[in-house]
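*Asks:* Sequence:
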Amino acid sequence: MAELGDWVHVDTQAARPLFDQLRTQIIEGIRDGRLTPGTRLPTVRELAGQLGLAVNTVARAYRELEAAGILETRGRFGTFVASSDPADSALASAAHTYVSAAKALGVGRGQALRYVEAAFG
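Here the sequence shown stands for residues 1 to 121, numbered as in UniProt numbering.
Hints are computed from structural coordinates only; laboratory data are not their basis. Keep in mind that a hint or two might mislead.
As the list claims (entries may be wrong) - Pairwise CB distance ranges (calculated):
hint, residue 1, residue 2, range
1, 36, 108, 25 to 31 Å
2, 109, 3, 42 to 48 Å
3, 101, 37, 38 to 44 Å
4, 64, 96, 15 to 21 Å
5, 109, 54, 25 to 31 Å
6, 32, 92, 29 to 35 Å
7, 5, 75, 22 to 28 Å
8, 78, 17, 33 to 39 Å
Note that this is a predicted model, so its numbers are computed, not measured. For each residue, glycine too, the CB sits at the ideal point set by N, CA and C.
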């Protein structure tokens, strides 16, 4: 089990919400290899205790990471790292949503790609 409490630190005085600080640090841990795909994370209660946070704070961070496809919960077996690069899951999901919306509006591939290119500037 990953000992997130050893390297994850939240600043209670920071303007940024605690759940977001935790969420971001888990993503950074995945990107830099401290958390590899398949790594089991502490339970919400365990991590809350390690970091001195409210259970709901940790639960929200885990929920948002799971919704983005970065973590996955396997029932009673726990929460695990699902992706080696969080951007892969999030961007794939966003791309699918964008393509579905474009198709529903009758926008073809070429025109849809022009919108993406324009958004990049």
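*Asks:* All hints are to be evaluated individually against the structure, with a verdict given for each.
*Replies:* Now the hints, each set against the structure:
1. For the hinted restraint 25 to 31 Å between residue 36 and residue 108, the CB-CB distance of approximately 40 Å leaves it violated.
2. Separation of residue 109 from residue 3 is about 46 Å and conforms to the stated range, judged on CB atoms against 42 to 48 Å.
3. Here the CB-CB span from residue 101 to residue 37 is close to 30 Å, at odds with the stated 38 to 44 Å.
4. The supplied range of 15 to 21 Å is met by residue 64 and residue 96, whose beta-carbon atoms lie about 19 Å from each other.
5. Checked against the hint of 25 to 31 Å, the C-beta distance between residue 109 and residue 54 comes to roughly 46 Å, which is inconsistent with it.
6. One distance hint, 29 to 35 Å for the beta-carbon pair residue 32 and residue 92, is violated here, with the actual separation near 21 Å.
7. At roughly 24 Å, the beta carbons of residue 5 and residue 75 sit within the given window of 22 to 28 Å.
8. In this structure, residue 78 and residue 17 break the distance hint of 33 to 39 Å, their C-beta atoms being roughly 24 Å apart.
When the structure is compared with the earlier hints, violations turn up for hints 1, 3, 5, 6 and 8 and for no others.
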